[in-house]
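S.K.: This is what each chain is made of:
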Amino acid sequence: MSIRVHNVSRRFGATTALEPLSLDIAAGEMVGLLGPSGSGKTTLLRIIAGLETPDSGTIHFGDRDVTRVHVRKRRVGFVFQHYALFHHMSVFENVAFGLRARPAAERPDNDEIKRRVRHLLERVKLDSMAERLPAQLSGGQQQRVALARALAVEPEVLLLDEPFGALDTRVRVELRRWLRHLHEEFGFTSVFVTHDQEEALELSDRVVVMSDGRIEQVEAPATLYRSPANRFVFSFLGETNRFEGEFHHGRLVNGEAWISVDARPGAADEVLMRPHELVVTTEPDEMAHLPARVDAISPVGSDVRLELSAEWMRHPWQVSLAHHEHERLGLERGSHCWLRPTRLHRFERS
Amino acid sequence: MRRIGDAPATRAILITLATLLTTLFLVVPLASIFYQAFAEGLAPFWHNLSDQYTRQAIMLTLLIALVTVPVNLVFGVFLAWLVTRFSFPGRRLLQTFIDIPFAVSPVVAGLLYLLLYGRTGWLGSLLSEADVQLMFAWPGMVLVTIFVTCPFVARELIPLMQAQGSADEEAAVTLGAGGWTLFRRVTLPKIRWALVYGVILTNARAIGEYGAVAMVSGTIRGETVTLPLQVELLYQDYNTVGAFTSAALLAAIAVVTLVVKGVLEWHTQRRGKRHA
Numbered sequence: 001m002s003i004r005v006h007n008v009s010r011r012f013g014a015t016t017a018l019e020p021l022s023l024d025i026a027a028g029e030m031v032g033l034l035g036p037s038g039s040g041k042t043t044l045l046r047i048i049a050g051l052e053t054p055d056s057g058t059i060h061f062g063d064r065d066v067t068r069v070h071v072r073k074r075r076v077g078f079v080f081q082h083y084a085l086f087h088h089m090s091v092f093e094n095v096a097f098g099l100r101a102r103p104a105a106e107r108p109d110n111d112e113i114k115r116r117v118r119h120l121l122e123r124v125k126l127d128s129m130a131e132r133l134p135a136q137l138s139g140g141q142q143q144r145v146a147l148a149r150a151l152a153v154e155p156e157v158l159l160l161d162e163p164f165g166a167l168d169t170r171v172r173v174e175l176r177r178w179l180r181h182l183h184e185e186f187g188f189t190s191v192f193v194t195h196d197q198e199e200a201l202e203l204s205d206r207v208v209v210m211s212d213g214r215i216e217q218v219e220a221p222a223t224l225y226r227s228p229a230n231r232f233v234f235s236f237l238g239e240t241n242r243f244e245g246e247f248h249h250g251r252l253v254n255g256e257a258w259i260s261v262d263a264r265p266g267a268a269d270e271v272l273m274r275p276h277e278l279v280v281t282t283e284p285d286e287m288a289h290l291p292a293r294v295d296a297i298s299p300v301g302s303d304v305r306l307e308l309s310a311e312w313m314r315h316p317w318q319v320s321l322a323h324h325e326h327e328r329l330g331l332e333r334g335s336h337c338w339l340r341p342t343r344l345h346r347f348e349r350s
Numbered sequence: 001m002r003r004i005g006d007a008p009a010t011r012a013i014l015i016t017l018a019t020l021l022t023t024l025f026l027v028v029p030l031a032s033i034f035y036q037a038f039a040e041g042l043a044p045f046w047h048n049l050s051d052q053y054t055r056q057a058i059m060l061t062l063l064i065a066l067v068t069v070p071v072n073l074v075f076g077v078f079l080a081w082l083v084t085r086f087s088f089p090g091r092r093l094l095q096t097f098i099d100i101p102f103a104v105s106p107v108v109a110g111l112l113y114l115l116l117y118g119r120t121g122w123l124g125s126l127l128s129e130a131d132v133q134l135m136f137a138w139p140g141m142v143l144v145t146i147f148v149t150c151p152f153v154a155r156e157l158i159p160l161m162q163a164q165g166s167a168d169e170e171a172a173v174t175l176g177a178g179g180w181t182l183f184r185r186v187t188l189p190k191i192r193w194a195l196v197y198g199v200i201l202t203n204a205r206a207i208g209e210y211g212a213v214a215m216v217s218g219t220i221r222g223e224t225v226t227l228p229l230q231v232e233l234l235y236q237d238y239n240t241v242g243a244f245t246s247a248a249l250l251a252a253i254a255v256v257t258l259v260v261k262g263v264l265e266w267h268t269q270r271r272g273k274r275h276a
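From first to last, the protein sequence lines are chains A and B.
Per full-length UniProt numbering, the first sequence starts with residue 1, numbered consecutively.
Per full-length UniProt numbering, the second sequence starts with residue 1, numbered consecutively.
If you are wondering where the hints come from, they were derived from the structure by calculation, not from laboratory data.
From the three backbone atoms N, C-alpha and C, an ideal C-beta is built for every residue, glycine too.
One or more hints might be untrue.
What follows is a set of in silico ranges between Cβ atoms, one per label pair, in the way DEER data are often shown [said to hold, decoys possible]:
(1) A:G187 - B:P70: 24 to 34 Å
(2) A:Q81 - B:L188: 19 to 29 Å
(3) B:E223 - A:H87: 43 to 53 Å
(4) A:Q81 - B:G178: 48 to 58 Å
(5) B:L21 - A:D55: 57 to 67 Å
(6) A:P108 - B:L93: 24 to 34 Å
(7) A:H87 - B:L21: 34 to 44 Å
(8) A:N230 - B:G179: 38 to 48 Å
(9) B:F102 - A:G187: 54 to 64 Å
(10) A:V253 - B:R91: 52 to 62 Å
To list a few chain A residues with every Cβ distance to chain B over 10 Å, as calculated [what the hints assert, rightly or not]:
(11) S56
(12) E122
(13) E184
(14) S227
(15) H276
Build the full structure now, drawing on both the sequences and the hints.
M.R.: Take a look at the structure:
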């Protein structure tokens with residue numbers, strides 16, 4: 001079922017949680033709301049669910065206007081940040097809750113409830129845990145119960161608030177893959193909130209980047225990463241190195257450091273670079289003159305990360321390079337080196 | 001490492017003092033009530049207990065508790081629900097109002113009710129035209145008891161429900177639960193023990209309340225005398241054994257209440273540990 005958010009806004013007292021914003025989500029799509037805390041992403045999610053009322057605007061599920069429809073009748077599945085499992089009920093009863101809560105006329109009989117709950121628990125690989133209490137499960141298992149519980153009422157829209165926030169990295173990666181599979185199998189439309197850009201980029205068909213109650217950009221992950229719409233999106237999507245200077249004869253100059261630029265980079269005299277968009281060399285070249293000192297070296301997965309400092313940097317820079325490259329350069333802590341950017345990003349200052 | 005203030009001497013002095021004071025101020029008086037009640041043996045105790053007026057006082061006390069507890073149970077749950085689950089202008093003020101019965105002396109409460117609902121009071125005059133008499137009759141005594149005990153349940157529930165937050169209830173609603181299902185299957189199991197605890201306190205106070213009840217009772221023997229009032233009356237009649245018999249009854253109820261409360265606290269603590 002498609003979701004249409006039109007001109008929705010929300011204030012809490014004096015603070016504006018959401019500026020009027022619109023968003024169209026296609027049926028079966030998986031959309032991540034990405035932003036720092038306080039950006040309004042959770043408020044937007046809760047408004048879509050019906051847990052929060054918008055001050056203005058409308059919400060449509062397909063052709064149905066649900067703006068004034070109570071959350072109970074919206075038939076959305078909602079997975080809460082801390083799962084909100086019913087702690088006094090067994091795993092089985094948690095999952096069965098939505099079915100048992102239906103009015104008598106629509107309620108499936110006991111055998112049918114049992115069959116459906118069993119089936120769901122098998123799907124989330126918790127059939128052996130049916131009689132346990134939530135407190136006896138690990139975080140990842142509790143999250144799966146929460147998902148099974150939300151899916152038991154066969155929602156056409158599944159909403160997830162920071163679904164993997166409280167889990168350790170390994171479990172998180174596993175659950176992400178698994179949520180993808182469920183999404184493909186059940187075909188629901190899904191919106192999830194996250195502050196983790198990696199999670200958003202990996203899971204979503206499209207990512208909605210938010211800040212200060214506004215939507216900054218809506219884009220497919222690959223495009224988003226390649227062409228961020230503005231400085232905020234660029235810096236929120238990953239590690240950023242910033243070079244600030246004055247424009248002089250085709251160069252941006254800051255003390256002894258300079259970078260060749262083909263034109264004055266907008267009103268703000270700055271250029272931005274990702275850690276992998278820098279090459280470490282043993283001498284300067286005609287494109288850039290960026291001397292730096294190695295402060296820390298940490299091998300992270302397939303890369304080696306360097307933390308660099310220099311007089312002309314306001315904050316330390318991060319550079320990532322391949323292991324063989326690092327070995328060839330033979331850098332140590334305290335070594336001096338030169339940097340050459342392979343790509344420069346420029347944005348208007350907002 | 002030794003904890004701060006945990007020197008052997010300090011420890012010994014504090015423990016001795018605490019034990020001494022507890023014995024002197026709490027245990028001895030309680031024990032002496034039972035001693036006095038049985039001072040002349042079992043027969044006078046039994047005789048006093050089966051006295052017509054004492055029996056009527058017991059019945060009236062039970063009646064008042066029987067009406068007060070359910071009323072304040074429902075009221076307390078509603079109030080706690082309202083204050084913790086909704087935000088509306090005046091919410092904090094309402095939360096402060098809940099404490100009025102604790103802040104006001106029960107005698108003053110009784111007096112206010114007397115002025116308001118008495119024959120010449122502005123609500124009372126309306127009622128007496130309709131031939132309804134609240135003061136100097138059991139309905140008035142129930143009314144003031146409800147007033148005096150109304151914060152107990154709400155005060156037990158509010159901090160707990162605030163700490164629990166409303167995520168569970170929200171989850172239940174997204175799953176399609178109606179108001180009653182929500183309360184019965186999600187909220188109630190979470191607040192059950194606090195609720196029982198609040199009821200015990202309400203009950204204890206309803207049975208033991210003296211000041212407010214005395215103001216509106218009019219002390220008509222056999223009609224508007226509760227156990228605490230009976231203690232006072234008998235004592236003024238120089239019937240020491242009689243007074244202490246009724247007092248012993250009240251004290252026994254108090255002891256039972258304390259034991260139940262202790263068991264409940266132990267129980268909740270154990271549950272708390274299991275969930276932590």
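S.K.: If a hint holds in the structure, say so; if it does not, say that too.
M.R.: Each hint tested on the structure:
no.: 1; hint: A:G187 - B:P70: 24 to 34 Å; result: violated, 51 Å
no.: 2; hint: A:Q81 - B:L188: 19 to 29 Å; result: holds, 24 Å
no.: 3; hint: B:E223 - A:H87: 43 to 53 Å; result: holds, 50 Å
no.: 4; hint: A:Q81 - B:G178: 48 to 58 Å; result: violated, 25 Å
no.: 5; hint: B:L21 - A:D55: 57 to 67 Å; result: holds, 59 Å
no.: 6; hint: A:P108 - B:L93: 24 to 34 Å; result: violated, 47 Å
no.: 7; hint: A:H87 - B:L21: 34 to 44 Å; result: holds, 41 Å
no.: 8; hint: A:N230 - B:G179: 38 to 48 Å; result: holds, 46 Å
no.: 9; hint: B:F102 - A:G187: 54 to 64 Å; result: holds, 57 Å
no.: 10; hint: A:V253 - B:R91: 52 to 62 Å; result: holds, 59 Å
no.: 11; hint: S56; result: holds, 20 Å
no.: 12; hint: E122; result: holds, 20 Å
no.: 13; hint: E184; result: holds, 23 Å
no.: 14; hint: S227; result: holds, 37 Å
no.: 15; hint: H276; result: holds, 40 Å
Comparing the model with each earlier hint shows violations of hints 1, 4, 6; every other hint is respected.
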